[in-house]
Amino acid sequence: NLLLITPCHVHLTGRCGALKMMLADNEQQLKENMVSIEEWMKGDMKGSCLFGQLPKFEDGDLVLYQSNAMLRHLGRKHGAYGKNDCEASLIDMMNDAVEDLRLKYIKLIYQEYETGKEAYCKDLPNHLKPFESVLSKSKSGFLVGDQISFADYNLFDLLLNHKVLCSASLDSFPTLKSYVDKIAARPKIKALLECENFKKLPINGNGKQ
Amino acid sequence: MAPYTLTYFPVKGRCGALKMMLADNDQQLKENMVSIEEWMKGDMKGSCLFGQLPKFEDGDLVLYQSNAMLRHLGRKHGAYGKNDCEASLIDMMNDAVEDLRLKYIKLIYQEYETGKEAYCKDLPNHLKPFESVLSKSKSGFLVGDQISFADYNLFDLLLNHKVLCSASLDSFPTLKSYVDKIAARPKIKALLECENFKKLPINGNGKQ
Numbered sequence: 001n002l003l004l005i006t007p008c009h010v011h012l013t014g015r016c017g018a019l020k021m022m023l024a025d026n027e028q029q030l031k032e033n034m035v036s037i038e039e040w041m042k043g044d045m046k047g048s049c050l051f052g053q054l055p056k057f058e059d060g061d062l063v064l065y066q067s068n069a070m071l072r073h074l075g076r077k078h079g080a081y082g083k084n085d086c087e088a089s090l091i092d093m094m095n096d097a098v099e100d101l102r103l104k105y106i107k108l109i110y111q112e113y114e115t116g117k118e119a120y121c122k123d124l125p126n127h128l129k130p131f132e133s134v135l136s137k138s139k140s141g142f143l144v145g146d147q148i149s150f151a152d153y154n155l156f157d158l159l160l161n162h163k164v165l166c167s168a169s170l171d172s173f174p175t176l177k178s179y180v181d182k183i184a185a186r187p188k189i190k191a192l193l194e195c196e197n198f199k200k201l202p203i204n205g206n207g208k209q
Numbered sequence: 001m002a003p004y005t006l007t008y009f010p011v012k013g014r015c016g017a018l019k020m021m022l023a024d025n026d027q028q029l030k031e032n033m034v035s036i037e038e039w040m041k042g043d044m045k046g047s048c049l050f051g052q053l054p055k056f057e058d059g060d061l062v063l064y065q066s067n068a069m070l071r072h073l074g075r076k077h078g079a080y081g082k083n084d085c086e087a088s089l090i091d092m093m094n095d096a097v098e099d100l101r102l103k104y105i106k107l108i109y110q111e112y113e114t115g116k117e118a119y120c121k122d123l124p125n126h127l128k129p130f131e132s133v134l135s136k137s138k139s140g141f142l143v144g145d146q147i148s149f150a151d152y153n154l155f156d157l158l159l160n161h162k163v164l165c166s167a168s169l170d171s172f173p174t175l176k177s178y179v180d181k182i183a184a185r186p187k188i189k190a191l192l193e194c195e196n197f198k199k200l201p202i203n204g205n206g207k208q
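Going down the list, the protein sequences come from chains A and B. Residue 169 in UniProt numbering sits at position 169 of the first sequence, and the numbers go up by one each step. Residue 168 in UniProt numbering sits at position 168 of the second sequence, and the numbers go up by one each step.
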């Protein structure tokens with residue numbers, strides 16, 4: 001039984017989109033405890049979190065913080081971490097690159113949205129190019145090896161965010177465009193994306209996107 | 001012939017932990033230093049997958065992203081826990097080290113003069129979780145019975161903070177002895193005392 005504790009005033013996708021997609025794609029149940037901002041501000045829950053942050057993820061007795069540690073944990077359990085150590089290392093590299101872009105995205109959303117959005121969208125192609133390049137060389141259409149990995153769910157989720165933020169962002173990246181379409185068409189991902197509980201979640205906690 | 005090759009600027013930067021883990025495991029490392037002048041020409045940068053260094057080679061495998069390198073070497077050299085559960089906890093701890101490293105890097109490169117005092121004042125809040133985890137550890141390492149890549153990474157970052165905020169570990173006895181214990185490991189001690197390592201500035205802009 002997996003348990004995810006996510007912060008929300010209203011629910012938000014935030015750093016948990018990729019995790020939920022990987023779970024759905026593997027037909028895993030997830031119990032979600034939503035924490036309201038009011039409750040969070042009381043401080044007790046925050047004080048109980050190892051690094052003072054959410055999300056918090058539980059798999060039996062194992063308690064994890066750090067969203068990428070959750071992705072790696074589930075990747076290991078559900079065959080989404082490559083078929084050997086070499087692929088695992090490449091998946092790590094790709095995921096870290098996704099995380100680099102996610103950090104830029106988060107900084108824009110929470111700190112510089114009004115002043116920085118135009119420049120961000122203009123610069124975005126420079127950050128998408130490496131992913132286009134890797135995927136265009138991929139026989140399977142996934143970032144590494146023959147199968148989908150946690151890095152793919154993570155990149156897919158981040159690309160969905162960027163389609164909302166910079167609407168034409170994928171227009172000059174045909175491989176990324178078809179990558180997003182292909183993953184979105186996986187039956188269980190498609191079902192998740194169409195599910196009310198998922199759709200109603202704002203992407204970010206401050207309402208910006 | 002060295003199986004491992006590192007291409008990086010002539011700084012410790014994001015490669016301290018990696019070098020310590022290799023030294024601790026008696027592994028040779030061939031280092032290609034790239035000067036700023038050469039980097040500014042653009043050819044090397046253009047050849048790097050994400051336009052950045054470090055670049056790490058293990059035979060035919062080429063890796064970018066310093067934490068991917070740490071995980072790779074952790075897998076190869078028994079520094080990634082003894083089971084999946086420990087591996088996940090190590091991942092979590094390393095990600096927390098990376099969070100603090102990002103704050104450190106931001107201070108060093110963007111806000112050193114204006115932000116240093118506030119940074120050192122706030123630092124205890126970020127060290128507390130590591131003190132807490134280590135004080136509960138039987139082995140004295142972050143996770144399980146053995147040293148992991150997360151330990152080398154935290155150790156390296158704590159060394160940086162001892163330089164930046166000199167009294168930073170004074171109120172954290174477990175962290176203090178953790179640093180001393182790892183620094184005393186014979187091959188780490190040898191690396192820390194080695195001229196080639198000592199002469200590298202911590203950061204690329206000379207600030208520390």
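One or more hints might be untrue.
If you only want the chain A side, here are some residues facing chain B, beta carbon under 10 angstroms, derived [as the list claims (entries may be wrong)]:
1. Glu32
2. Leu64
3. Leu71
4. Lys77
5. Leu90
6. Asp100
7. Arg102
8. Tyr105
9. Ser133
10. Ser136
Heads up, incomplete: computed chain A residues facing chain B, CB under 8 angstroms, no partners named [to be verified]:
11. Gln66
12. Ala69
13. His73
14. Leu128
15. Pro130
Have a look at the derived ranges for each label pair, beta carbon to beta carbon [claimed, not checked]:
16. A:Leu103 with B:Ser177: 28 to 34 angstroms
17. A:Thr115 with B:Ala118: 20 to 26 angstroms
18. A:Pro187 with B:Ala190: 55 to 61 angstroms
19. B:Asp26 with A:Leu103: 33 to 39 angstroms
20. A:Lys129 with B:Ser135: 43 to 49 angstroms
21. A:Gly43 with B:Asn83: 32 to 38 angstroms
22. B:Gly46 with A:Pro174: 40 to 46 angstroms
23. B:Gln27 with A:Lys190: 42 to 48 angstroms
24. B:Asp58 with A:Glu39: 36 to 42 angstroms
25. A:Asn206 with B:Asp99: 17 to 23 angstroms
None of these hints come from the bench; they were simulated from the model. This one's a predicted model, so the numbers in the text were calculated from it and none came from an experiment. Idealized CB from N, CA, C, for every residue including glycine.
Please flag the earlier hints that this structure goes against, numbers listed from lowest up.
1, 7, 8, 10, 14, 22 and 24
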